[in-house]
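As you go down the protein sequences, you meet chains B and L in turn. The numbering of the first sequence is my numbering, which starts it at 149 and goes up by one. The numbering of the second sequence is my numbering, which starts it at 149 and goes up by one.
Honestly, the hints are just simulated from the structure, not real lab data. Ideal placement from N, C-alpha and C gives every residue a C-beta, glycine not left out. Any given hint could turn out to be false.
Here are the simulated lysine to aspartate or glutamate pairs, EDC-like style, with alpha carbons at most 20 Å apart [claimed, not checked]:
#	chain 1	residue 1	chain 2	residue 2
1	B	Lys499	B	Glu335
2	B	Lys527	B	Glu550
3	L	Lys527	B	Glu335
4	B	Lys527	L	Asp209
5	L	Lys413	L	Asp383
6	L	Lys322	L	Glu294
7	L	Lys173	L	Asp257
8	L	Lys527	B	Asp209
9	B	Lys413	B	Asp287
10	L	Lys596	L	Glu514
11	L	Lys527	B	Glu550
12	B	Lys527	L	Asp203
13	B	Lys499	B	Asp343
14	B	Lys527	L	Glu550
Okay, the calculated bits of chain L under chain B, using three or more residues with CB under 8 Å as the criterion [to be verified]:
#	stretch
15	190-196
16	259-272
17	383-393
18	567-578
Partner residues aside, some chain B positions facing chain L, computed with beta carbon under 8 Å [claimed, not checked]:
#	residue
19	Trp253
20	Ile512
21	Thr516
22	Ser519
23	Pro523
24	Ile558
25	Ala562
26	Met567
27	Leu575
28	Trp587
There are 2 protein chains.
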Amino acid sequence: MSERLIVIGGDAAGMSAASQARRLKGADELEIVVFERGHFTSFSACGIPYWVSGDVSERDDLIARTPEEHRSRAIDLRMRTEVVEIDVAGGRVRARDLESGAESWTDYDKLVIATGARPIRPPLPGIDAPGVHGVQTLDDGQALIETLGRTEGKRAVVIGAGYIGVEMAEALIKRDYAVTMVNRGDEPMSTLDPDMGALVRTAMCGMGVEIVSGAEVTEIRTGPDGRVNAVVTVDAEYPADVVVLGIGVHPETTLAATAGLPLGKHGGLLTDLAMRVRGQDNIWAGGDCVEVLDLVSGVERHIALGTHANKHGQIIGSGIGGGYATFPGVVGTAVSKVCDLEVARTGLREKEARAAGLQYVTVIIESTSRSGYYPGAAKMTVKMLAERRTGRLLGVQIVGGEGAGKRVDIAAVALTARMTVEQMTALDLGYAPPFSPVWDPVLVAARKAVTAVQQRG
Amino acid sequence: MSERLIVIGGDAAGMSAASQARRLKGADELEIVVFERGHFTSFSACGIPYWVSGDVSERDDLIARTPEEHRSRAIDLRMRTEVVEIDVAGGRVRARDLESGAESWTDYDKLVIATGARPIRPPLPGIDAPGVHGVQTLDDGQALIETLGRTEGKRAVVIGAGYIGVEMAEALIKRDYAVTMVNRGDEPMSTLDPDMGALVRTAMCGMGVEIVSGAEVTEIRTGPDGRVNAVVTVDAEYPADVVVLGIGVHPETTLAATAGLPLGKHGGLLTDLAMRVRGQDNIWAGGDCVEVLDLVSGVERHIALGTHANKHGQIIGSGIGGGYATFPGVVGTAVSKVCDLEVARTGLREKEARAAGLQYVTVIIESTSRSGYYPGAAKMTVKMLAERRTGRLLGVQIVGGEGAGKRVDIAAVALTARMTVEQMTALDLGYAPPFSPVWDPVLVAARKAVTAVQQRG
Chain B
149 MSERLIVIGG
159 DAAGMSAASQ
169 ARRLKGADEL
179 EIVVFERGHF
189 TSFSACGIPY
199 WVSGDVSERD
209 DLIARTPEEH
219 RSRAIDLRMR
229 TEVVEIDVAG
239 GRVRARDLES
249 GAESWTDYDK
259 LVIATGARPI
269 RPPLPGIDAP
279 GVHGVQTLDD
289 GQALIETLGR
299 TEGKRAVVIG
309 AGYIGVEMAE
319 ALIKRDYAVT
329 MVNRGDEPMS
339 TLDPDMGALV
349 RTAMCGMGVE
359 IVSGAEVTEI
369 RTGPDGRVNA
379 VVTVDAEYPA
389 DVVVLGIGVH
399 PETTLAATAG
409 LPLGKHGGLL
419 TDLAMRVRGQ
429 DNIWAGGDCV
439 EVLDLVSGVE
449 RHIALGTHAN
459 KHGQIIGSGI
469 GGGYATFPGV
479 VGTAVSKVCD
489 LEVARTGLRE
499 KEARAAGLQY
509 VTVIIESTSR
519 SGYYPGAAKM
529 TVKMLAERRT
539 GRLLGVQIVG
549 GEGAGKRVDI
559 AAVALTARMT
569 VEQMTALDLG
579 YAPPFSPVWD
589 PVLVAARKAV
599 TAVQQRG
Chain L
149 MSERLIVIGG
159 DAAGMSAASQ
169 ARRLKGADEL
179 EIVVFERGHF
189 TSFSACGIPY
199 WVSGDVSERD
209 DLIARTPEEH
219 RSRAIDLRMR
229 TEVVEIDVAG
239 GRVRARDLES
249 GAESWTDYDK
259 LVIATGARPI
269 RPPLPGIDAP
279 GVHGVQTLDD
289 GQALIETLGR
299 TEGKRAVVIG
309 AGYIGVEMAE
319 ALIKRDYAVT
329 MVNRGDEPMS
339 TLDPDMGALV
349 RTAMCGMGVE
359 IVSGAEVTEI
369 RTGPDGRVNA
379 VVTVDAEYPA
389 DVVVLGIGVH
399 PETTLAATAG
409 LPLGKHGGLL
419 TDLAMRVRGQ
429 DNIWAGGDCV
439 EVLDLVSGVE
449 RHIALGTHAN
459 KHGQIIGSGI
469 GGGYATFPGV
479 VGTAVSKVCD
489 LEVARTGLRE
499 KEARAAGLQY
509 VTVIIESTSR
519 SGYYPGAAKM
529 TVKMLAERRT
539 GRLLGVQIVG
549 GEGAGKRVDI
559 AAVALTARMT
569 VEQMTALDLG
579 YAPPFSPVWD
589 PVLVAARKAV
599 TAVQQRG
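My request is simple: use the sequences and hints to build the entire structure.
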């Protein structure tokens, strides 16, 4: 007898789960229904800044699979349909057709919650005014691009200076906007320690972004036409024809919470290793709506990132399809590009190490991405944290030119393997002049960290 | 009382050892004498192809530290002085001044052998003719560049198609030579499996290199002036105004062998983890003249690579300076650039896995170095070997565009940690559109390898 799988949310995690389940189970064994409230499926939210900047010319380039492609694989995909209630005891969901407003219940045998995240919108006066944009979905991106096309003024304010904020600031510069970035912290790229963030600030100022640090936004002011015209902080006021919110995101778990499913400290769903919602036999969750285990600190975190969402979906689909796969956790790897600067991190920042109660040493080294004599060798700064007593690697941050960013993967694998910095000094990394100095910068940092551990152990 | 350290060979391993020992012990504690038969110290042999091509304009750019710089650190460096005998029982070496021919004995308390490697010169007729060049030392590079400057003809033959051969072929193309590469194997880049080497062949043909495969060189023919004028194989004859030998290198261990020190199967010195020559208390060896443990197969190999030599020197110097550091071994990582193509490998090729008696599965995947929609996304092919029963990663080979090559480091760290391909599928690698598709190509290969292991386990 055929079972029915319902998936709530048709982006990375949801559609990966549905697709993988379909690969493993035919339509005669498993009916798959996906509810998606937006207009798009399986899109790359991470690509939105490049679409806004014009580096990616077509919105559809960001779509890995269209609804039609999914349907051709026997997935019953219901677009513009929002699930408004989960009845866990009854094994059913209530969905609303956003065009007609009609609602109906659908039973499930198995349920996947992949409701994603929503941009944080602080309860400021004016936050909902026309001209204020989040950039979480393709619908958001489309709305922003339409605003940019309509607006005559060329002044943009980006609120927040995390990855999205920084990437959006660059995108708007490329579109000839005068960009002010208003940031609560001391340095942009708050996912780095401030000493490394300072390197990013220099690069951003170099491309003409005005950065306002330590600023608390109190109001988004609107003009007589009701549209945004300024961002107001405690100390000043910044004229704005368009405002982009890059403050971060929050797990979209209202539905799950109402249904009584378990949420963690960050508001995300809690799951087991196989991405099954804790305490539930037939409900899985993945992507930006769940919390993940940080393998370095041992605590749960919320990290909204497409690459995790895709892995979750794959694992959920395998589980539903009768296999067994697990998501052991993350080490907190992220990489980004700001002009010609590559910015990356993995593991713990100092703040996170302190919060986890760890004693640590830090070292910072400067080297080059290629052999110093090879054309195009670019400066590269590496910061490394190691546990004081054991020498275990705790984290790495990298800021540098071409070839710097993806070197963070070396540390990501080393963190996963719980290597010490001493073990890292012996790593057999790829060396040739177009790729690295004879001592890879990560090895230079590891060597210096060994000395720091020995001295302060 | 002061001890005397003698170092034989003033390049990467020798000078790193001397410098590190000096850092740890002052001149009042340790006298350091280095004998170097050539004209240069601490140079980047790996950089020679880029000097020949003109990408690096000055020879001195390849020199990390000059003899004068070393001497200013209280290292007694004797250039153009060749050690011709080691008297282990007597604790002394006999050295010859290559200018005057004078010889003398010098006592040591501690000895470092860092005699490097020499290009393999098969005993062919004409192999020593003017116009035939190895490219192992700066002296070699200088001689080649002088030949190129003097020679009117523009036909070059490169014998051998390993890294050096391939890099030299490209360098000569950049200098407007018509280049023929004569290769005994079926595909260039013999450090890869032939199926991956074929991708390199396509790229090399694309830049105009004529590749002759499966060819056995029988003679290097000279003209009436005594200079080289052709390379002769069993089947054909290739006119040549200059010939470059890229056949590989052999450990330079004649001295050590004569002194009765232990050599391995590949002719390299055998050492312990701390790079001390086996059975000797006060003799160390490092760099291209030693064999290293392959951590994947468990057998000794000879790998001539500057990055290993530098590590060895560092470890030897630490040991002599009273510390303790070890070189656990290598996983066989190498990376190279051919035109716009990046070529990398780590771990075992199929041939090596078979030789080690391992049962394995292989997978090959094609992906892109960046998100497919991001400008500059380049094709990237990954081949992965995993042990059949255990799923342990055995090796990775990569051929692709910009950003492909250094991804081999992910696998290098995973090999060091003895990860399975299943563990690799969960790696938290850096993702953003300018750096990677949402599934990094290495993860795609790992996923496919998991399936292969499950099906054929």
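Going down the list of hints, with the structure as the test:
1. B:Lys499 to B:Glu335: Holds, at roughly 14 Å.
2. B:Lys527 to B:Glu550: 9 Å, holds
3. L:Lys527 to B:Glu335: 37 Å, violated
4. B:Lys527 to L:Asp209: Holds, at about 17 Å.
5. L:Lys413 to L:Asp383: 33 Å, violated
6. L:Lys322 to L:Glu294: Roughly 16 Å between the alpha carbons, so the hint for Lys322 (chain L) and Glu294 (chain L) holds.
7. L:Lys173 to L:Asp257: Distance ~14 Å between Lys173 (chain L) and Asp257 (chain L) Cα, so the pair holds.
8. L:Lys527 to B:Asp209: Given pair Lys527 (chain L), Asp209 (chain B) holds - Cα atoms ~17 Å apart, limit 20 Å.
9. B:Lys413 to B:Asp287: 29 Å, violated
10. L:Lys596 to L:Glu514: Cα-Cα ~11 Å, so holds.
11. L:Lys527 to B:Glu550: 18 Å, holds
12. B:Lys527 to L:Asp203: 19 Å, holds
13. B:Lys499 to B:Asp343: 12 Å, holds
14. B:Lys527 to L:Glu550: 18 Å, holds
15. 190-196: holds (count 3)
16. 259-272: Coverage by chain B is violated for the stretch 259-272 of chain L (0 residues, Cβ < 8 Å).
17. 383-393: With 0 residues in contact (Cβ-Cβ under 8 Å with chain B), the coverage given for the stretch 383-393 of chain L is violated.
18. 567-578: holds (count 8)
19. Trp253: 34 Å, violated
20. Ile512: 20 Å, violated
21. Thr516: Result: violated, 13 Å to nearest chain L Cβ.
22. Ser519: This interface hint holds because 6 Å falls under the 8 Å limit.
23. Pro523: Because about 6 Å separates Pro523 (chain B) from the closest Cβ in chain L, which is inside the 8 Å limit, the hint holds.
24. Ile558: Since the shortest Cβ distance to chain L is 5 Å, the answer is holds.
25. Ala562: Where the cut-off is 8 Å and the nearest Cβ of chain L is about 6 Å from Ala562 (chain B), the hint holds.
26. Met567: Holds, about 7 Å.
27. Leu575: The hint holds - Leu575 (chain B) has a Cβ within 8 Å of chain L, the shortest such distance being about 6 Å.
28. Trp587: Nearest chain L Cβ about 6 Å off; hint holds.
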